[in-house]
Amino acid sequence: MAAPALTTSKYAPYWQAAPIALIFAAFFLIPLAATVVVSFWEYTEYSIEPAFVSQNYLDVFDGCFADLPNLCVTFKTYLSTLKFCLIVWAITLVVGFTTSYFLAFHIKSLTVQMALFMVCTIPFWTSNVIRMISWIPLLGRNGLLNDFLLSTGLVTERQDWFLYSDFSVGLAFVHLFTPFMAVPIFNSMMRIDKALVEAAYDGGASTWQTLWNVIIPLCKPGIAIGSIFVITIVMGDYITIGVMGGQQIASIGKVIQVQMNYLQFPIAAANAVVLLILVLMIIFAMTKLVDIRKEL
Amino acid sequence: MTDTTTTTTGTAGVSRRTLLKGAAATAGLAAGSGMITGFPAIIASEGVTLRYLGTAVNQSADIAKKAKEDLGITIEYVPVTTDEVTKRIVTQPNSFDIVDSEYFSLKKLMPSGNLMGMDSTKIKLADKITPVFTKGEIAGKQIGDQGTAPKKVFYLPDQFATEFSAEPTQWITLIPTVYNADTLGIRPDLIGRPIESWAELLNPEFKGKASILNIPSIGIMDAAMVVEAMGEYKYPDKGNMTREEIDLTMKVLTEAKQSGQFRAFWSDFNESVNLMSSGETVIQSMWSPAVTAVRSKGIACTFQPLKEGYRSWASGFGLPKTLEGKTLDGAYEFINWFLSGWAGAYLNRQGYYSAVLETAKENMEPYEWAYWMEGKPAEKDILAPDGTLLEKAGAVRDGGSYEDRMGSVACWNAVMDENNYMVRKWNEFIAA
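Respectively, the protein sequence lines represent chains A and B. Going by UniProt numbering, the first sequence opens with residue 1, and the numbers climb by one from there. Going by UniProt numbering, the second sequence opens with residue 1, and the numbers climb by one from there.
Just so you know, these hints were derived from the structure itself, not from any lab. Note that the structure is predicted; figures quoted are calculated from it, not measured. Backbone N, C-alpha and C fix where the C-beta goes; we use that ideal spot for every residue, glycine too.
Examples of chain A residues toward chain B, derived with CB under 8 Å:
no.	residue
1	Tyr46
2	Ser47
3	Lys76
4	Thr77
5	Ile136
6	Gly140
7	Arg141
8	Asp160
9	Lys254
10	Val255
11	Val258
12	Asn261
13	Tyr262
14	Leu263
15	Gln264
Pairs of lysine-lysine residues, derived as DSS-like cross-links and limited to a Cα-Cα distance of at most 27 Å, are as follows:
no.	chain 1	residue 1	chain 2	residue 2
16	B	Lys257	B	Lys234
17	B	Lys207	A	Lys76
18	B	Lys128	B	Lys68
19	B	Lys321	B	Lys128
20	B	Lys326	B	Lys128
21	A	Lys83	B	Lys257
22	B	Lys380	B	Lys361
23	A	Lys76	B	Lys251
24	B	Lys251	A	Lys83
25	B	Lys128	B	Lys65
26	A	Lys76	B	Lys257
Next comes chain A alone, as it looks inside the complex (with noise of 0.2 Å):
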């Protein structure tokens, strides 16, 4: 029995990890290898040439140092990406926390817990779009929060800035991506012992050290998945602040969607690099912070 037990368990953990290798390598590992090959080829209006030139990246940065202090299109576009990322980052994980917080320690009975929990991923039953179409409406400037606004005279005269500007954008981003920090925070939260928080009142822990000490540091987990997935979809994202942006507020994805409806797929793959190390390196940065495998 123990000879063919040995040899089974030498080649299953293959065989059992080959399926999703074999989606990772063809729906991910080679189109993005294809992706950085062909940020290096050449291109004219109709035709991608394989080459091996560094003009793409050179035209994606071009101008940036030269310029400086000036800030060039890239830097740009990419500051105001970073800053949407801050300050929604920012608010959805207050929000998360505090959402997650109630539901895990507040709550005392786990079917209501879930019931709520369920509640908490209703944004996700429509489509994403539909999310965004739905909030200008009430924002805009013949919209509700207007009329709202002038009927109780708060205002004289209708506001322009609830939508097609940052404030829109921003509202949007953390409607559409809380649900994304409370999730992961809520699973760490209901992972921690009560036992522990328990000890730490026992042992005369007021409510915020109790919450310092004990609860963040055992969510830290949670914190850092939900910050990964929030960063990295605003980073990417060019669909949101092309609707409630107004197309007027620049986006790396909507640049890249651009050169890609002209063609220039060279300089859009070139564009797709440079984001995606920068991901990379935001998401190694907060690796350094968070051991995640360690804490999971």
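Put chain B on the given structure of chain A with help from the hints.
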């Protein structure tokens, strides 16, 4: 779709042409297996399925239904955006059997060698196609030809040529489907005064209430119309700017953007309708069916004729080079049917113009022809092809007759020699 293409072309060491051939074979297989499910062939085109690539605006279910009834040909629409049509022809030339593409894209499409010239001897009404395309004139009068005017890219010296012929030949690049003259759309109820010039788009009076379309190759033409109307500069050819001219145009636009002139930019039909009908904008670049859509909600909207003229566009049927046999015959048959009147009348009733006016006229009621084409007040209520009320009796079409509108064309949508530079500058403008 794009990703797949990148993958195919991305493998180093294999020439692009070989890979495209491979892709062709795969697509051919797919097409072949599709045909087996069709009905057994009775007449030449019976049971043929044509994969029709184009923009959703031109792809009407009624036309497909009527073609099925009249010809037995199944039309399978592949609806994508204008830019995507071009991209598909260049990168996946075997993913369709017939394409409805804009003429201005031809400057990119023909050099790719993926389309073939259409044999005008097989197009029964080829000599009836309006002279707007063949000679660039209307009722004997030359019309504006700045940009990629169809007459410049209409003929090929031979069937598989990659350059255009200045002289009429047997080989036609695209057989026209629809064309129109575009201008600014306005909300007359919110503006309350006459608008006569493209310059009004950047008038500070409409600060925060204007919009321009965010499709670089079309947006820049609208911008050029504005710059010229403001008296800032007179372009030798708006449709083929030099780098300095592009810089100048984008500078004017950027200054307007930074001072808050624009409420938003739009890039698809529905966005333009939403902006206008919600009152977020009162003046903007617009397309004719979008104006109709706003009006059908009961909101006043005018497709305002302007003294500097219109920016025109045209699209037409092209055939992929690899098309052959029954499918090729079916494609010619479908095109001949398309020009024979029913489809033309259908398009004219939507506010577009069709290629062969005589046959379309035979398929329209005299009062419809008088309203849509002659610029006369409507004798009866004007209905859309689907039966919705477009205009009450007595209304007159914005801009008047066919000759008035097409005769006042100032420029055509274009692909410039400095296209890559222009796209880069446009991205800078969006980021500014």
